[in-house]
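*Asks:* The lines below spell out each chain.
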Amino acid sequence: MPVEKKYETPLLDQLETGEWPSFVKEIKAAAENNAMANDLLGLLEQSYREKIGHWKHGGIVGVMGYGGGVIGRYTDLPDKYPAISHFHTMRVNQPAGWFYTSEALRTLCDIWDAHGSGLTNMHGSTGDIIFLGTRTEELENVFSKLTAAGFDLGGSGSDVRTPSCCCGKARCEWACYDTMGLTYYITNRYQDELHRPAFPYKMKFKMSGCPNDCVASVARADISIIGTWRDEIQVNQEEVRNYAKSGLDITKEIAMLCPGKCIEWDGNEIQIDNSNCRHCMHCINLMPKALAPGKDRGAAILVGSKAPIVEGALLSSVLVPFIKLEEPYDDLEIWEVIENMWDIWCEEGKNRERIGEFIQRVGLGNFLDAIGLEPQPEMVAFPRDNPYVFYEEYFEEEEDQ
Amino acid sequence: MSDAQPKRLTDIGPPHYQKFLPPIIKENYGKWKYHEILKPGVMVHYSETGAKLFTVRAGSPRLLSTKKIRIYADLADKYCDGHLRFTSRHNVEFLLTKEENIEPLIADLEALGHPVGGTGNAISSLVHTQGWIHCHSAATDASGIVKAVMDELLPYFKTIDLPAKIRVALACCLNMCGAVHCSDIAILGIHRRPPRIDKENLPKMCEIPNLIASCPTAAIRPSQYQGKPSVEIDEDKCMFCANCYTVCPALPLNNPLNDGVSIWVGGKVSNARHEPMFSKLAIPFLPNNPPRWPEVTNAVKHIVELWLKNAKKHERIGEWIERIGWPKFFRLADIPFQKEHIDDFKHAGLSYKRSVHLTYM
Ligand code: HEM
Ligand code: HEM
Ligand code: HEM
Ligand code: HEM
Ligand code: SF4
Ligand code: SF4
Ligand code: SF4
Ligand code: SF4
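Protein chains in written order, with my numbering: chain A, 1095 to 1495; chain B, 47 to 407.
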């Protein structure tokens, strides 16, 4: 149904010019026949004028039986912009690797045109398909059509958030394990934890196939699974020479920048002291045709990264230095470790304490004790430099009676 | 709308990705040998089977109408047997088996206003958040700044000749839905006024013990208002993190006079050469100046250009600054160094200079 244009948007109009694709054009396109998108345009122009947002702090809405997947949203100016008095977000679990057929995309568009604002994010920063804005009474309609089409909602709140991964073996020669396969497995293994928040706070999984970490798992996931290898880098000396011939300065651009200082180039052959290789990917990135990760491939598992809220930002740190990640995934020992981690975090964690903060608070050593893992030197950048050691036991002199 | 309701399914999980993979990917899954970047935004992956897969990557505003998604779908039908994907930084990628389709596809994308690029040593799209389009917490808008910044940085999207990759991200408040804290350049919305207390509604909307516990600096204390339990805020202790607002809607921090943008530099996520690093504060505050935020776009452009001029090959912004040292960065960038640059949260002491490895020129 065409919507009559109601709003002058002189400020937003200025963002229709310039060469980068314009979100204002997208909202205007949707607004031609969607009243929600049209009112969003009016509201956003007002925000641009006043330099302040016009959204209220959420609201608890969702689909029956799920505690996550919908973010409630209401404008604080419902009389002025009635079509967006409700404007809830739905998070739709993306297919691993973000591959689609045109047919699948059209199905999603049909659902959202019938029941929502016609606006999306492809994708949210966690990875979901974001359906941006609908009314409470439409949530079940969207949900039933989604599931009929084979899609389900993603996570929100204190649950397992939608796992995401790089494209891995689908298109990357460096993938050291099947990121998409493992992501699909994890998402299905933890459907209950994903849809029904029961943790102290959110819990994110991200899977990258190699240390380039294209999904930023080390910075954005409570559980970061990063592919790596533990044997020798595969070398094709002929192709190395070809790179040199084509102008790559192997000494300066590769050997001198290698953090392990373990590469030598004599003008004819490259020698890598693999025992000192840090698996940083630099040499491989620069000579993809000549070098490749080794054949004994798997992943390192790191835990605990997060954005600043509540106690400050963290990067993930090593929990498992190397693990083979091959099918059948059911048989991997890592699920027990992860589920032990959740148990102790659920028991001892404070409300809104991410697992990284929890580990900082109780100490990694105590955390390892609790989940039954042995300390390993790979887990620290360096051993403590502070001599205040908490020993838990001491010898007592024999009482002389 | 009188749609017949289908049977209610739950917990089915996402569709299996294999349903959406093009045949060439199914046949060569795990068999890719190496790749080349043919030109900005165009890659070819070679398989050990001899197959070749071409990828064309285009920028996107991330906020997409269903109309635009349908156009993407049409392009995928026209050139890629209906196959496409999106990237972790919100670009769209078309997957081609026919090399002769590359140029016509690029022409269509450029005509549509979606530039092709973002591969290799270039800037890619900005990971970003919701801002005034959808969030109550926002200290600034997200999409507007991203658009204004990318209009300026577009030449660096359409190249592969920068010293290294550059990853820019934006979050409109410290919640950091974009998890921007490990970016070469992070644009971060900040509040600068302690929350105002909506005393009338607070007891109705919020659990006071939870609220008090939510503040990382213990700035919130119990008090009374008209005989009912309430809270007061020790404003000197407030660091504007909005944790309290997240748990209690009666403590809004948004304020047009004080909200704005900060700029952080030198973070990275990949392990290549240097280990991952957090971004560090470069510019504590810039005003919100919609619709194009000239102060912010100029600052970002200035830092990018400084890096281009001074970095050695393969140095990300953080690696470059680590080599020259932060004092020299501030001198070169002509950014005044002030109290706000010095950390005063936990572990602040670890950021103090604890040696005389200093530069004076
Ligand atoms: C009108 C009442 C409220 C509304 C509409 C509301 C809405 C929201 C929304 C939309 C989010 C973002 C969720 C996400 O990103 O997944 C959120 C986060 C959160 N809210 Fe509320 N909220 C309300 C009240 C409360 C109260 C009373 C508490 C605690 C006592 C609370 C605790 C939280 C927490 C801990 C988060 C962070 C969860 C997360 O990001 O994982 N909220 N809230
Ligand atoms: C009601 C307000 C909020 C809105 C509208 C909002 C929106 C979003 C959206 C759309 C995403 C991407 C989700 C996805 O792809 O599944 C996201 C991710 C994220 N949110 Fe929020 N959010 C809100 C509140 C919060 C709060 C309160 C916090 C922190 C306490 C938070 C922290 C994050 C983080 C760190 C991410 C990025 C995670 C990642 O990189 O995987 N958000 N948010
Ligand atoms: C370069 C060295 C270090 C870095 C980058 C670092 C970083 C951090 C970060 C980001 C946090 C979280 C901050 C927060 O929750 O507010 C943290 C927490 C913590 N760190 Fe460190 N840290 C370092 C060294 C140390 C050392 C040497 C110790 C002890 C000897 C230590 C003990 C702790 C403790 C106990 C916590 C938890 C604090 C709490 O829960 O309040 N850290 N560290
Ligand atoms: C239980 C804690 C400690 C005790 C009882 C202790 C005791 C001492 C004593 C008796 C001296 C010799 C003083 C003198 O020659 O007049 C000394 C010197 C010193 N201590 Fe400690 N110390 C402790 C912890 C530490 C720690 C944690 C550090 C550093 C991290 C430290 C660093 C030093 C240094 C740098 C010197 C001077 C060494 C020199 O002159 O070369 N001490 N300490
Ligand atoms: S993380 Fe590694 S394996 Fe995954 S896409 Fe990036 S480079 Fe390839
Ligand atoms: S992967 Fe990194 S550490 Fe290992 S040899 Fe190559 S450059 Fe050196
Ligand atoms: S970063 Fe902050 S303001 Fe922006 S969408 Fe997330 S919670 Fe909202
Ligand atoms: S904004 Fe943060 S520091 Fe300030 S009162 Fe709220 S929780 Fe405390």
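Treat the hints with care, as some may be off.
Covered stretches of chain B, as calculated for chain A (at least 3 residues, CB under 8 Å) [claimed, not checked]: (1) 72-86; (2) 254-260; (3) 328-338; (4) 373-384.
Heads up, simulated DSS-like pairs for lysine-lysine below, C-alpha to C-alpha not over 30 Å straight-line [stated by the list, open to error]: (5) Lys385(B) with Lys374(B); (6) Lys358(B) with Lys392(B); (7) Lys204(B) with Lys1339(A); (8) Lys72(B) with Lys1239(A); (9) Lys124(B) with Lys1145(A); (10) Lys113(B) with Lys79(B); (11) Lys250(B) with Lys1389(A).
DEER-style ranges, computed between Cβ atoms [as the list claims (entries may be wrong)]: (12) Asn147(B) with Asp1463(A): 53 to 61 Å; (13) Lys274(B) with Asp1463(A): 43 to 51 Å; (14) Pro1422(A) with Pro373(B): 39 to 47 Å.
Derived by calculation from the structure, the hints in this document are not laboratory data.
Source: prediction; values computed, not measured.
The C-beta atom is built at its ideal place from N, Cα and C for all residues, glycine as well.
*Asks:* Take the hints in turn and mark each one as holding or not.
*Replies:* Evaluation of the provided hints:
no.	hint	verdict
1	72-86	holds (count 7)
2	254-260	holds (count 3)
3	328-338	holds (count 4)
4	373-384	violated (count 0)
5	Lys385(B) with Lys374(B)	holds, 17 Å
6	Lys358(B) with Lys392(B)	violated, 34 Å
7	Lys204(B) with Lys1339(A)	holds, 26 Å
8	Lys72(B) with Lys1239(A)	holds, 28 Å
9	Lys124(B) with Lys1145(A)	violated, 43 Å
10	Lys113(B) with Lys79(B)	violated, 37 Å
11	Lys250(B) with Lys1389(A)	violated, 61 Å
12	Asn147(B) with Asp1463(A): 53 to 61 Å	holds, 58 Å
13	Lys274(B) with Asp1463(A): 43 to 51 Å	holds, 45 Å
14	Pro1422(A) with Pro373(B): 39 to 47 Å	violated, 55 Å
Figure legend: structure checked against the earlier numbered hints; hints not met, in rising order: 4, 6, 9, 10, 11 and 14.
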